[in-house]
Amino acid sequence: MEKIYNVLFLCSQNSARSIMAEALLNEWGKGRFKAYSAGSAPAAAPNPYALRLLASLNLPADTLRSKSWDEFAAAASPVMDFIFIVGEPGTALPAWPGSPIVAHWEVDDPVGLAPEGDDLAQMNAYRLAFRQLEHRVKIFAALRLDALSQMAMQTRLAEIGQETV
1 MEKIYNVLFL CSQNSARSIM AEALLNEWGK GRFKAYSAGS APAAAPNPYA LRLLASLNLP
61 ADTLRSKSWD EFAAAASPVM DFIFIVGEPG TALPAWPGSP IVAHWEVDDP VGLAPEGDDL
121 AQMNAYRLAF RQLEHRVKIF AALRLDALSQ MAMQTRLAEI GQETV
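Residues 1 to 165 in the UniProt record's numbering are what the sequence shown spells out, letter by letter.
If a hint is listed, it holds; no wrong ones were tucked in.
No more than 35 Å apart at the CA atoms, straight line, and that leaves these computed lysine-lysine pairs for DSBU-like:
#1 K67 x K138
#2 K30 x K3
#3 K67 x K30
#4 K3 x K138
#5 K3 x K67
#6 K3 x K34
#7 K67 x K34
#8 K34 x K138
#9 K138 x K30
Between beta-carbon pairs, the in silico distance windows are:
#10 V165 x V79: 25 to 33 Å
#11 R144 x N58: 21 to 29 Å
#12 L148 x G31: 13 to 21 Å
#13 D118 x P78: 37 to 45 Å
#14 K3 x I139: 13 to 21 Å
#15 M151 x N124: 32 to 40 Å
#16 P89 x L120: 27 to 35 Å
#17 A44 x E106: 21 to 29 Å
#18 P60 x L120: 21 to 29 Å
#19 L93 x L148: 21 to 29 Å
#20 G90 x D70: 13 to 21 Å
#21 D119 x Q150: 41 to 49 Å
These are calculated hints, taken from the structure and not from any lab test. Where is the CB? At the ideal position from N, CA and C, for every residue including glycine.
Could you build all of it, start to finish, from the sequences and the hints given here?
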């Protein structure tokens, strides 16, 4: 039986970017990855635009919720193999159980990129963030993780974080 890798996506509010990345990897990485998401200052709920976009693409979103990263820093939490920061750089991170590989995949926060009340512009901002996450998650999900050393993996994940669409 092949190892299932635990992956945690982080952004500040855990309402859009990290939520979308969690949904993407759980869909494309079935049997190989188990994705989670969290934030340093989680919102009360996932952003409705993010949920609407996921639903329009038939990506399961019914179990997604905004949560604190403290849930994953606790000793009883699943041990992460990979942690991706999809938010702003420079955030101090908690000490994580195990020795996860941490990489930064900065994606512009779609919240506030478009004028309030402009539904089309709002959805376009979320689509842009989604496309960038989709591109990176697809590359990551296709990696032969057992064929890379820890150092090579860290380098490759940093390179993926620089990928644009």
